[in-house]
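Below are the chains, spelled out letter by letter.
2 protein chains.
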Amino acid sequence: MWMYETALKWNGDATGVEQTAGRADLPFSSPPEFHGRADLWNPELLLVAAVEACMLLTALSVAQRQKIEFKSYSSKSVGRMAKTPEGLRFQEIAVAVTLTVAAGTDAAKAEQVVHTAEKYCPVSNAVKCPVTVSVTVHIA
Amino acid sequence: MWMYETALKWNGDATGVEQTAGRADLPFSSPPEFHGRADLWNPELLLVAAVEACMLLTALSVAQRQKIEFKSYSSKSVGRMAKTPEGLRFQEIAVAVTLTVAAGTDAAKAEQVVHTAEKYCPVSNAVKCPVTVSVTVHIA
Chain A
1 MWMYETALKW
11 NGDATGVEQT
21 AGRADLPFSS
31 PPEFHGRADL
41 WNPELLLVAA
51 VEACMLLTAL
61 SVAQRQKIEF
71 KSYSSKSVGR
81 MAKTPEGLRF
91 QEIAVAVTLT
101 VAAGTDAAKA
111 EQVVHTAEKY
121 CPVSNAVKCP
131 VTVSVTVHIA
Chain B
1 MWMYETALKW
11 NGDATGVEQT
21 AGRADLPFSS
31 PPEFHGRADL
41 WNPELLLVAA
51 VEACMLLTAL
61 SVAQRQKIEF
71 KSYSSKSVGR
81 MAKTPEGLRF
91 QEIAVAVTLT
101 VAAGTDAAKA
111 EQVVHTAEKY
121 CPVSNAVKCP
131 VTVSVTVHIA
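Sequence lines, in order, name chains A and B.
Take the numbering used here: the final residue in the first sequence is number 140, and no numbers are missing along the way.
Take the numbering used here: the final residue in the second sequence is number 140, and no numbers are missing along the way.
Here chain A stands alone, though its shape is the one from the complex (with noise of 0.2 angstroms):
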């Protein structure tokens, strides 16, 4: 068991400071359509960036096991949250993986790496709705 410990002080107004032992402290604020400050992190953008960074991370211990190299790795995502009678609700998050592998590599089996890190990637598993990935991969 892992256990990932963060602590909150609210500063008034939307904003407050996420803190965790070690690491710089990051403001945050609501989002900008809700009251908030365009030049904070949101809590909305906090969840997709999990995602994204999650992403990554089980991408490179895939590609790590599998002995294909990455020569470059980048993505751009998007969380789409709607208004429901049940509240705000994220409706999906999509990832779009931009790959670069090794001449003599083989693209499908790049592109497969980042589809098999979306089954393992603990913080993707750990969200409700649909995270879908799209991969681009281009030979160095």
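Honestly, the hints are just simulated from the structure, not real lab data.
Among the clues, some could well be false.
Note that identical chains are pooled: a pair holds if it fits in a single copy or bridges any two copies.
Stated by the list, open to error - In silico BS3-like cross-links for lysine-lysine, where the CA-CA straight-line distance does not exceed 27 angstroms: (1) Lys83 / Lys128; (2) Lys67 / Lys119; (3) Lys76 / Lys109; (4) Lys128 / Lys76; (5) Lys109 / Lys67.
These figures come from a predicted structure and were not determined experimentally.
Guided by the hints, dock chain B onto chain A, whose structure is given.
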């Protein structure tokens, strides 16, 4: 429908950076127990922080509607992750809130604000594992 967009760049090893328009870069790493750095946020911590931050902001919104004045609000949270036959899985996210409200406020009503927030918080509702909330109320 609201959209929350992030972008990720891999920086080699188990590190990268999360970016989103107008906000400070958020460097991240795997957790130290998975070959990452202890001085950077990791996806597991970001997930817990997202839930915890969303709980505050939703509670502020509920409190405003119910005309209950928060004097201070802080919380400590922990996400528990375990190895399961399916891979690493979050088992629980527990949020312990400490709240101070104005003199003359009904403590039970103040506590209920946070529990109502948990029902409406979109990030808490986006998470599959149980999110448990405990509340300690102080009267100013």
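Evaluation of the provided hints:
In this homomeric assembly, Lys83 and Lys128 come within 27 angstroms of each other (Cα to Cα) both inside a single copy, at 16 angstroms, and across copies, at 19 angstroms. Taking the shortest Cα distances, Lys67 and Lys119 sit within 27 angstroms of each other inside one copy (19 angstroms), while across copies they are farther apart (45 angstroms). Proximity of Lys76 to Lys109 under the C-alpha cut-off of 27 angstroms is restricted to the intra-copy arrangement: shortest distance 21 angstroms within a copy versus 42 angstroms between copies. With identical chains, the CA atoms of Lys128 and Lys76 are at most 27 angstroms apart both within one copy (20 angstroms) and between copies (23 angstroms).
Taking CA atoms no more than 27 angstroms apart as the test, Lys109 paired with Lys67 passes inside one copy only; the shortest distance there is 11 angstroms, against 57 angstroms between copies.
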